[in-house]
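Student: Residue-level listing of the chains:
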Amino acid sequence: MAAVAAIYDQLKYLNTEVLAISTDSVYSHKVFTEVSPSASKVQFPLLSDRTHQISKAYRVLNEKTGATFRATIIVDPEGTIVSKLVYPLEVGRNVYEILRLLQALQYSRKTGEGVPANWMSNQPGIVRDPKFIGRI
Amino acid sequence: MKSKGTKDGLEEYTQPYCAQTTDSAPLFSAEAYENVEQKITKINLEDYRGKWVILFFYASDFTFV
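Residue numbers (the numbering used here), protein chains in the order written: chain A, 1 to 136; chain B, 1001 to 1065.
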């Protein structure tokens, strides 16, 4: 959570909003921001999915615990899911991968180029030209 | 007549909805706590059209990782 708060300015720059969602109540969310040093820094809303309807709809509810899986879903400006990452129960996510995905998605839409493995934002994409097929 | 298990019947094996890449994001509204303004608000996903949105699902407010 604090890791996302730390890249929040960069996300804003990428026209991106964060909605954090758990099955806790908004009252729990409030106290969480008051007592947890990491949560006190969050600039984005903490949504309550008490009824599990949202996490069920997105297929990220852990029915054994009633909590959601550690999932990061990116929705594009038209309302389509463009990425869905579900992490292990015991491992935190890599927020730089979230940044990279957003940069890559936006780069690809702007240029029409493909984006290769391990691409970083200072690198070129791949021009979709049939003459390159089998040569990369 | 087409039947399941034949080449012509393959289109009947549709996958269940999995909220996967290329699917429409299910619309929802939910109560939220806004830390900056310190107030409880209502969030509608539909209001975020025109922006990229990260749905950041996390297990629990009070946890170790």
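Hints are computed from structural coordinates only; laboratory data are not their basis.
Careful: at least some of the hints might be erroneous.
A partial selection of chain B residues facing chain A, derived with a Cβ cut-off under 8 Å [as the list claims (entries may be wrong)]: (1) C1018; (2) Y1033; (3) V1036.
As the structure is a prediction and not an experimental result, all values here were calculated from the model.
From the three backbone atoms N, C-alpha and C, an ideal C-beta is built for every residue, glycine too.
Student: Run every hint past the structure and note whether it holds.
Tutor: Going down the list of hints, with the structure as the test:
1. C1018: Holds, about 5 Å.
2. Y1033: Status holds, d = 4 Å.
3. V1036: 6 Å, holds
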